[in-house]
Amino acid sequence: MPSRPALSVRGLQKAFGGQPVYSGFDLDVRQGEILAIFGPNGCGKSTLINMAAGLMPVDGGTILFDGRTAREAGIGYVFQNYREASFPWMTTADNIRYPMRRKGMARRDIEARLDHLKAEFRVRFDLNRYPYELSGGQQQLASIMRALAVQPEVLFLDEPFSALDYETTLSLRTLLQEVLKRLSITTILVSHDLEESIALADRVLMLTRRPTTIADDMPVPLPWPRTPDTLSDPAFVALKKRALDVFTASVAVA
Amino acid sequence: MRAILPPIFGALGFIVFWWVAVLLKVADPVLLPSPAETLRDTIDGFRNGPLLFDTWRTIWRTIQAFLIATAIGVPLGVALGARERIYRAVEFVVDFFRSTPASALFPLFLILFGVGEGTKIAVAAFGAALVILFNAAYGVMNARRTRVLAARVMGASEGRILWDVMLWEAMPQILVGMRSGISLALVIVVVAEMFIGSTDGLGQRVIVAQTLFETGLMYGVIFIAGALGYSLNLLFLVAEKRLVHWAGK
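For the record, the sequence lines run as chains A and B.
My numbering applies: residue 6 is where the first sequence begins, and numbers increase by one.
My numbering applies: residue 663 is where the second sequence begins, and numbers increase by one.
Because the hints were derived from the structure by calculation, they are not lab data.
The C-beta atom is built at its ideal place from N, Cα and C for all residues, glycine as well.
A portion of the hints provided could be inaccurate.
As the list claims (entries may be wrong) - Footprint (simulated), chain B over chain A, 3 or more residues, beta carbon under 8 Å:
id, stretch
1, 31-38
2, 104-113
3, 200-207
What the hints assert, rightly or not - Which stretches of chain B does chain A cover? Using the computed rule of at least three CB atoms under 8 Å from a CB of chain A, they are:
id, stretch
4, 726-736
5, 814-820
Starting from the given sequences, assemble the full structure and let the hints guide the process.
Have a look at this one:
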């Protein structure tokens with residue numbers, strides 16, 4: 006794996022109403038790495054990726070993508086609430102075309118990219134339907150395709166499966182990790198589900214309560230591809246145990 | 663079929679009630695003519711009188727007022743909604759005049775626009791524009807934040823976000839505003855036809871029929887005005903369902 010960082014956070018500062026969330030936070034994410042961020046509620050997981058994605062201003066410090074800002078680099082973002090993130094006045098296909106149109110891509114390139122994404126994710130459902138006509142899993146898959154349409158340097162996933170049922174989560178997770186690894190997409194996943202964080206990541210970053218620091222930076226050396234069977238693998242179970250201990254300790258300290 | 667039957671029974675029930683009241687001589691027959699007499703006088707008004715022309719005049723005035731109100735209310739409402747702070751500053755004035763009975767503004771508009779055709783349309787447009795503006799502004803302000811963020815993260819400029827997201831998010835509310843606006847425009851036009859130097863229109867016909875004790879015709883014109891209001895509302899409800907399929911999604 007190449008070691009050039011795709012994302013570098015240096016001396017990050019952020020406070021809400023005088024209460025510091027981040028005071029001097031550093032983080033590096035390597036090219037092609039899938040990083041899961043896990044921590045207690047309100048520790049600022051979503052705040053971190055919102056700042057990284059340029060959706061929220063930082064109070065101090067820098068967040069750079071290989072030396073550039075989020076706007077310059079091009080990022081993809083998948084929201085937790087797929088229903089409120091898609092544009093229901095457009096068909097699903099037009100939703101996926103939207104970021105490509107904003108980038109001024111030629112019509113032919115847009116169609117080619119759409120076909121490519123369809124093949125990549127083995128899409129069987131009709132993309133000419135409106136998002137609200139699709140199932141939750143299909144809608145979130147379309148959101149992921151939309152986020153990847155412009156080939157972002159970093160993909161942000163904000164609790165992407167938390168509104169879906171377990172069965173859908175498992176199959177979508179399997180499909181997603183397969184594509185992310187095949188295309189070697191740098192990904193930052195925010196999750197409040199420990200199992201999901203470990204199953205989908207190369208590395209799990211465990212955060213403490215506010216002011217947020219890193220409780221543990223845990224590599225996940227499990228082989229790819231990871232399937233639902235991975236969840237019962239002894240190595241997986243051991244990692245989960247270790248993470249849970251760190252989590253319990255970090256919550257108890259506060 | 664099942665959905666249409668109850669309203670039909672309701673309407674028939676109303677006519678039966680009316681007829682019984684006439685048969686029991688609840689009121690002076692001059693004041694309360696029978697449904698048949700009303701129907702006869704109304705048809706006569708269409709055939710031999712100016713009723714068709716009056717109906718058309720009222721519709722045309724309402725449409726003009728509505729179009730002016732939409733042309734002003736929608737862009738202004740969207741623009742103000744996009745700048746919430748400015749909207750908060752003018753909200754009181756909008757709410758105040760929205761709550762002011764339009765009829766109280768007749769003298770003012772008579773001074774501004776004279777006794778001509780323009781006054782009736784202007785006062786109706788004024789009332790309707792405020793309702794449309796208010797709804798458009800709220801539609802934009804209530805645009806779902808996640809959708810705005812999604813557009814921003816996909817590289818849309820603020821202008822683009824207004825055009826690509828907020829306008830669409832506001833569309834259901836804008837259409838609600840337009841529906842309320844056209845209903846209000848009709849109300850104001852009919853009142854204006856009664857009291858602002860008019861020679862035609864349904865409002866004028868009602869008041870003339872009343873003065874001449876043509877009560878059959880008077881009731882008929884009232885029903886026509888009612889049917890007009892009801893149809894406009896229905897038309898917009900159907901349009902809303904067809905056009906903004908994404909409402910509430």
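We went through each hint and held it up to the structure:
1. 31-38: The restraint on the stretch 31-38 of chain A is violated, since only 0 of its residues have a Cβ under 8 Å from chain B and three are required.
2. 104-113: Answer holds; 3 residues pass the 8 Å Cβ test.
3. 200-207: violated (count 0)
4. 726-736: Violated, because only 0 residues of the stretch 726-736 of chain B bring their Cβ atoms closer than 8 Å to Cβ atoms of chain A.
5. 814-820: holds (count 5)
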